[in-house]
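Asker: Chains as they are written, first to last, in the working numbering: chain A, 56 to 373; chain B, 138 to 377; chain C, 7 to 103; chain D, 3 to 543.
Incorrect hints may have been included.
Said to hold, decoys possible - Derived DSS-like pairs: lysine-lysine, alpha-carbon spacing no greater than 30 angstroms straight-line:
1. D:LYS281 - D:LYS529
2. D:LYS529 - A:LYS118
3. A:LYS172 - A:LYS187
4. D:LYS19 - D:LYS492
5. A:LYS187 - A:LYS313
6. D:LYS492 - A:LYS118
7. C:LYS19 - B:LYS261
8. A:LYS165 - A:LYS187
Treat the hints as calculated values from the structure; they're not laboratory data.
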Amino acid sequence: MKFPLLPDQASLGAGEVDHLMLWLMGVTVFFLLVTAGPILFFCFRYRRGNPTNRRIRDSGGFKLELTWTLIPLLVSLFLFGASAAIYFRQRHPPEDAMEIHVIGKQWMWKVQHPQGKREINELHLPVGVPVKLLMTSQDVIHSFFIPAFRIKQDVLPGWLTTQWFVPTRTGDFHLFCAEYCGTDHSRMIGRVRVMSRPDYEQWLVTGHQEEGPVLVGARRFRELGCSGCHAGPLGNSVVRAPDLNGLYGSVVPLEGGKMVVADDRYLRDSIMLPNSEIVHGYAPVMPSYQGRLSEEDLLAVIAYLKSLGKEPRQEGAR
Amino acid sequence: MDDERIGPTKNVRETERLHSHFVTREQQEDAATLGMWVFLATEVLFFGAIFMGYTYVRWSYPGVVEEASRHLEIVLGSINTGVLLTSSFIMAAGVLLAEQGRHRAAALALAVTALMGVVFLVIKGTEYSMVIGEGYLPGFTAQLEPVSRPGGGYYGALSEGGGPVPGHEELFFWLYFVMTGLHALHVAIGVILLAGLAWLLRKPQGISLNTVRNTGLYWHFVDLVWVFLFPLLYLAGHRL
Amino acid sequence: MHPSSPTLRTFAKVWGALMVLLLLTILASQFDLGRLSLAVALAIAVTKAALIVMFFMHVRYGSREVLVFAGAAYLWLAILLVGVLYDYASRNWLPGR
Amino acid sequence: MKATEETPTGENNYLTKHTLRSWLLTTDHKRIGVLYLLTILVFFVIGAFAAALVRLDLVTPRGDLLSSEMYNRMFTLHGVIMVWFFLIPSIPAVMGNFVLPLMVGARDVAFPRLNLLSWYLFITGGVVALYAILEGGVDTGWTFYTPYSTTYANPQVVTMVAGVFIAGFSSILTGLNLIITTHKLRAPGLTWFRLPLFVWTLYATSLILVLATPVLAMVLFLIAMERFWGIGIFDPAQGGDPVLFQHLFWFYSPPAVYIMILPGMGVVSEVITCFARKKLFGYPFVAGASVAIAVFGFLVWGHHMFVSGQSIYSGFMFSILSYLVAIPSAIKVFNWTATLYKGSISFDTPMLYALGFLGLFTAGGLTGLVLAATAVDVHVTDTYFIVAHFHYIMVGGMVLAFMSGLHFWWPKITGRMYPELMGRLAAVVAFIGFNLTFFPQFVMGYLGMPRRYHTYPDEFQFYHILSTAGASILGVGYLLPLVYLLWSLKRGARAPANPWHASGLEWTVPSPPPTHNFERIPDGSGKVYDYPSPAAPPPID
Ligand code: HEA
Ligand code: HEA
Ligand code: CUA
Ligand SMILES: [Cu+2]
């Protein structure tokens, strides 16, 4: 029977987390020693019947109190700072990360790669490439957890959440669903297979081929009538709707004075809940697409919107 | 000095029964009053949680709330606010009268307060039926039994099932019904309490003064909740 | 028992003030003051509430303990509202959550 | 606080009347305490039975004992029962009810009838919750996360939620009673800073009970509304927000976990001072820390939501606040340690449990610091690391404190002594079994073993087997007291009024206390923890 002590370390961030964990363990052991040590010693030394000096000098109680308030306080602040810095990095994907779509449903993970390749309960990754997961759920809350990468993020219905990592080692690792989601929660597991880059390219072109999400998104954009209003700067549309070119990542002024960054969440909400954030200077006439767009299509449309302005505009969008 | 406080416990004087575990009447009354306040503190947080729900909806869909709010019966709502505020005044007066020993006048004040509570409830009921009549009772187009939604996911299933159109006005109307409904329940309880007290107060020593006071506190609290409900629900969107 | 006791006249004045405030809030709500609308509505509601608590509920005449418990309830409510709103407000601060 | 003339036991104590009616209609705080004791023990047995099934099932990676549905219902049952029907009422409703009025020199709690009502609500809530099990069981976990609980789980969720809702009101009433009793019924001369620490911690606990439980009540109510009518406030499909549910639930729950530790801290303060024969070191600091924990406990809820989709800035805020709430706990631990210094320490059963509490609470609390570190929590959240963290505090801390208090006040409650040797043996067995059960869970949690998993990859089996082995030892550690305490009811030696030579007003009355506690309301102006200098030898029995 195996009894591993530490999990595999297979991503860029994993080392950092383990390092912090080491510090935390140090603090834990240290404080356990400074409490348990004296307790055991006093219990022995001052056990009843043991003749020993018990006379107490009236010594500085207040100073003592101050010491054991301040030291933990400082230690705490240090731990907070160290962890917050890592947390911040964990939550901010680099701009150039490869984007993989993940949809959770009871009880499986559906994955689509940018080139269109799909898989279920498996995640093939090229080693050394920053990867960002764009995730949503079709039913309840799940959580995408790869212990070897030390990452986890809840996946919510009606939300887009993201997480990112850079795999550093080839091999097979566990993929777990970490948020309780019903009967087969414990079977919503899978395998992460990190491969060398050539192997990954090879794997992408084997088996069943599909269109990439950007292409699908472009088609949906037309079919759903988005292009009727959002016709681009040169378009000749009846309704005045904002130009979506280069929208992703820009700062959008909203009606009411708020400014928001057009991130994944913003794009999603703009389509599903157009009423919640109105772009300044436009009428709230955009219909909600809730109920008309499946999770997959939604992710595809968003992928398409993000491609606008990055690449030369696709003809299909017209 | 201590001996005065420790006196024999069976010595029950006047109308108010001194329970055996209290030493003085004042102690007993203070305990009851403070108890009432602590209870009201729990009520604040009970309602507070649903005010949080309201805050979420207003924060996320300000336009929706404004729009939906226009469909409530602002006139009835305003009248009801007046009724409740006035009843609170009469209640306060009733307590004052009871303190001065004018038990009949106090009984009358309490009865009027209860009556105004009833008026409030009647108006509320009218308002409900009007709002429902206009078709704003949400949800009943939706399924009562939760169904699992195979395959389609959240968005897919909704369009197929032909369920409610998600414009989020629903959220507002739900909040309206749940918040005012819970409030109305509190009013109803208050009415019953007040009516009972008014009845007992007919007799000079029918009920202890402190009970009247504490019931008054409860009534004012119910009023207080409404003071916030009214502008948040009814006045969110009535603009010229 | 208590230092100063309320009188019917004070209560009547308070009632008058409440009625005025009620009219005021209805009136104010009819104008679009932008984001100020909510602030005004809430300010008036808080004033009304304060009048009721202080006078009708005798907090002005009562003990400090009562004031503490009444205050605590609202403080705790504020903690809840602020904590959650902080989350909602800060979600858009930077791309990605 | 000199002992009043000791009236002979036997004739006229609170246990004298035997009719069922006299128990079911009692308003005596002592009897209600005993009623609570009996009921929470029943619930503990049910919760422990579920734990035993969970542990046995996890021996094999495939989960051969139970089906997945069954497993999920079992851990939900275990969590719900243990939290709301055992641990929360454990010390406050049993010992709080029994001891607190005695400690403050009162004849009863402020509102005895409400107190009885609270017990009936508790029973009703419990029966409703158990009915939910019979009806088919609930499998949401004790956290009832939406939209699973509102849309996908089976309809018994509503029944279960109703049970917890009702029990919540019983908690509120208990809290209210204890607060008012402490404010208004203290004996003359008994100022706040002369109160035993147990009273302080119960006061802090009650504050939380009263201010946090109503939020839970409303959340549960909204779940039911969502179930019945789909009001949608937590449902993203209708524009609601599932994370709002988490905010509201956790607004209640972290304060609630302090409900589940503060009373334990109080018991331990009483026991340590008594068996070290010293006054508590840094009394005002420990008292203040109790209230600080209660207040700060309300500011940390987001630390359960670091990966939930909450904004990272919220994450930062809740992380630092979680660190701040640890400081008062640290103050307490250090003051207890300092209390032992130059004491005259004896190792009776309550003291053994209290020492166990010190170690295990500290260990569990320190792992809480690991969880408060956002970056690490991302990895360990929803794994067995969490399970280990909270069992260290709740079982290693609070349950041991409960046992400590139970043994400490057993003579007062029943008028009988328990067999000391058996007591010490059980304490040691429980300590060993406990560590064997839950320490391996830390390791497997960091390895990535997710919680609420019915089946798991083979590499975790070794740790699961260790844990189950530990649980059987721990089980023995619980069964032993059950047996010898029952035995002592009939056969135990008669207890004197103050078997431990402890200070405190509750020891000035006979064991078991007379119905009205005090002949005359005692004088409370004596010093708290007024033990004779530890340098002097203790009085002999
Ligand atoms: C009685 C119950 C109890 C108590 C007292 C605590 C106390 C603490 N808890 Fe725990 N906790 C739970 C019960 C409890 N917890 C439960 C049930 C869950 C899981 C819920 C679920 O998901 O089902 C949980 C989960 C939980 C999480 C979320 C994990 C996750 O799901 O991702 C976090 C994160 O911050 C946390 C932190 C803390 C901290 C910082 C303390 C602190 O208060 C601890 C303070 C104590 C000490 C620190 C030890 C003594 C101090 C010293 C010896 C001095 C040294 C100190 C310093 C350097 C500061 N707890
Ligand atoms: C509040 C108090 C409390 C208490 C006292 C306990 C006590 C115990 N708990 Fe519990 N536990 C929780 C609160 C508590 N727990 C909560 C809140 C959860 C989260 C639920 C959720 O996820 O929703 C949880 C979850 C939980 C899990 C995780 C389940 C999962 O995530 O899949 C496990 C697994 O080991 C566990 C084990 C135990 C054990 C072994 C004990 C032991 O202390 C019990 C010891 C008793 C016995 C073992 C029974 C008596 C003995 C016998 C009958 C002898 C024979 C026994 C054997 C052969 C094993 N608990
Ligand atoms: Cu999906 Cu758990
Ligand atoms: Cu917590």
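Asker: It remains to establish, for every hint, whether it holds in the given structure.
Answerer: Hints and how they fare:
no. : hint                : verdict
1   : D:LYS281 - D:LYS529 : holds (10 angstroms)
2   : D:LYS529 - A:LYS118 : holds (24 angstroms)
3   : A:LYS172 - A:LYS187 : holds (16 angstroms)
4   : D:LYS19 - D:LYS492  : holds (17 angstroms)
5   : A:LYS187 - A:LYS313 : holds (28 angstroms)
6   : D:LYS492 - A:LYS118 : violated (51 angstroms)
7   : C:LYS19 - B:LYS261  : holds (27 angstroms)
8   : A:LYS165 - A:LYS187 : holds (15 angstroms)
Hint 6 alone, counting from the list given before, is not met by this structure.
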